Amino acid sequence: MLNRASTYLYHRPRLALALLLGPPMIYMVVVYLGALFNLLIYSFYSLQEFTGLIVREFTLSTYAQLFEPANLDIFKRTTVMAAAVTVADALIAFPLSYYTAKFASPRLKTWLVIAITIPLWSSYLVRVYAWKLILAQEGILSWFINLLHLDGVLNRLLSFESIGGSSLALSPIGLFIVFVYIWLPYMILPILTSLERVPKSLLEASGDLGAKPLQTFRTVILPLAFPGVVAGSIFTFSLTLGDFIAPIALGNSKFFIGMAVYSYQGTAGNIPLAAAMTMGPIVIMIVYLLIARRLGAFDAL
Amino acid sequence: MSNSPTPAIRFNQVSRYFGDVKAVDQVNLEVRDGEFFSMLGPSGSGKTTCLRMIAGFDRPTSGQIFLYGQDVSNLPPYERDVNTVFQDYALFPHMNVADNIAYGLMVKKVKKSERIRRADEMLELVRLTGFGKRKPSQLSGGQRQRVALARALVNHPKVLLLDEPLGALDLKLRQQMQVELKSIQQRVGITFIFVTHDQEEALTMSDRIAVFNEGKISQVGTPAEIYERPASPFVAGFVGTSNLIGGEVAKRLTGSDKLFSIRPEKIHLGNVNSQPEAGMVFLDGAVRDVVYLGLFTRYLVETEGGIDLMVVEQNLKTTSMDVLSVKGQKVRLLWHKDHINPVGG
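Note that the protein sequences, when read in sequence, are chains S and R. In case it helps, our numbering puts the first sequence at residues 1 to 301. In case it helps, our numbering puts the second sequence at residues 1001 to 1345.
Just so you know, the hints here were simulated from the structure itself, not pulled from any lab data. Note that the structure is predicted; figures quoted are calculated from it, not measured. Heads up, a few of these hints could be off.
Unchecked claim - Below, in silico cross-link-like pairs of lysine to aspartate or glutamate (DMTMM-like), each with a Cα-Cα straight-line distance of 20 Å or less:
| id | chain 1 | residue 1 | chain 2 | residue 2 |
| --- | --- | --- | --- | --- |
| 1 | R | Lys1216 | R | Asp1198 |
| 2 | S | Lys200 | R | Glu1164 |
| 3 | S | Lys102 | R | Asp1088 |
| 4 | R | Lys1158 | R | Glu1121 |
| 5 | R | Lys1158 | S | Glu204 |
Model the full assembly from the supplied sequences, consistent with the hints where possible.
Written as structure tokens, this is what we have:
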């Protein structure tokens, strides 16, 4: 019976493919695209101010609300944060990946990759709360900064209106540190993969043809690893853009898109505004992905 | 081609150890200006390590390497006037063919117009005119090979290193490239150092060959010297096929029990009654195996002293039926004393 089924499918590769891809495709279309579509519909509804009920009529008024200064501020702050986290992660990840891919012995490489991925085994929440303790007023980071007599510098940084706050944990600087840490593996892994695909002989050839190490880096390593950097940046950028747990857990006073969506759909019960707000990151990501595709990032995935 | 008396490359007691492994062990070597020099040996014999030390990818543990009299032992690759054709070609996948070829000029800040002119010149030399705009991935193995060659030659290096560059090509293309490489070398007049494990390739192209074994050089000489007068049992066995005869049998044939080698094609397979001519020696035996190979036939003959000898005869008049019927028969092997080659050891 099983044999006959195998033979039947073997001669009908299209049917076999349909059976393999069908269920996940249905799931994707119904659950994922369906939910997104639902969201899109809701973003064109509005909230009756007095009754708090959703008015199911097409309107652009909810979108108009997005352009109020407070909301624009949230978009700006979140995008800047996402961009800053992405750049910082790329700067930290590149040398680390480069060492792991090109210089570490196979044994050490295994350990390094494990060390990079181990944080992903533990709960995201636990790690965020751990950082809350590290960044707290009397936390280990403040203690260390005091030890180095750099507390003056820290207080100076915290006094800036846009990035500061009453303590590291409550400031955008603290949130930035947490985001950089939490999304780092998502930047390292694609860069590592792209660097590993650069044969050592290419680097030798470059040197052999007269290029000094810095020239080799600029003309050979960077162009070949760049798709990996872009792929990693898609992760770090979109994850930062949508995250609401870290800012809430750290108790940040400044609003980010994720937090805003969370509070609009929760306590405020303003699902249309929450839905419209969600369209923001989606549009930003679509633009970002289109640029990334032009840069050849998807060849490295 | 004006030949300078200073050797292009000179190794002075060069060693390279990897941990306890002596990859290259106290090698002395001279490669002459303008010659096609091959380093031949099995894998792990140290030939590639020697090449990498000349290129600068590796540094000797001890000893010095001289490039036209200048000690380059500790210079990085980008400060040596030496270029390499890599085994896997190592073409830059993100650049087109012309940019690949002009890479060496680009990093040396040569003007763009000059770069384009010289890259075109090189494309013509390797017969790839019009391929400049293609990506390496759009080329066949043989074409990539030529681009790699052009990319190295465009810099007019003092010495060109080739690391088994024909290894990935099929037989026909290989033979064609062997001829082409040799002719390009003669045209540009640059010293070529060619690493290979293929003895036929080395014999076809080289002016001189160094045979490597276990980190040392067993013999250096012209292809004819290497083939006809192998200096050690290893060379006799690695370059072509050889029969080695020693002990009692050697003593009866040559008057000395020292080991000697005799090439299979120098041995004549006669019937038991054939009489040796003047200057010939003979050995009786029985044919144990016959392999018919079209152009020639290979016989394995078990001789008196218990020594198995390989004999190769061309199928000038014989058919497969004739040669296969010889199996099991008693024969007499005869050869001229001139072909006996003492191999020491």
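We went through each hint and held it up to the structure:
1. Proposed proximity of Lys1216 (chain R) and Asp1198 (chain R) is supported: the alpha carbons are some 18 Å apart, at most 20 Å.
2. Restraint check for Lys200 (chain S) and Glu1164 (chain R): satisfied, since their Cα atoms lie roughly 17 Å apart, inside the 20 Å limit.
3. Only pairs whose Cα atoms come within 20 Å are accepted, and Lys102 (chain S) paired with Asp1088 (chain R) is accepted, the gap being roughly 18 Å.
4. Distance restraint check for Lys1158 (chain R) and Glu1121 (chain R): the Cα-Cα separation of roughly 19 Å lies within the 20 Å cut-off, and the hinted pair is therefore satisfied.
5. With a C-alpha separation of about 18 Å, the suggested pairing of Lys1158 (chain R) with Glu204 (chain S) holds against the 20 Å cut-off.
In this structure, none of the earlier numbered hints is contradicted; all agree with it.
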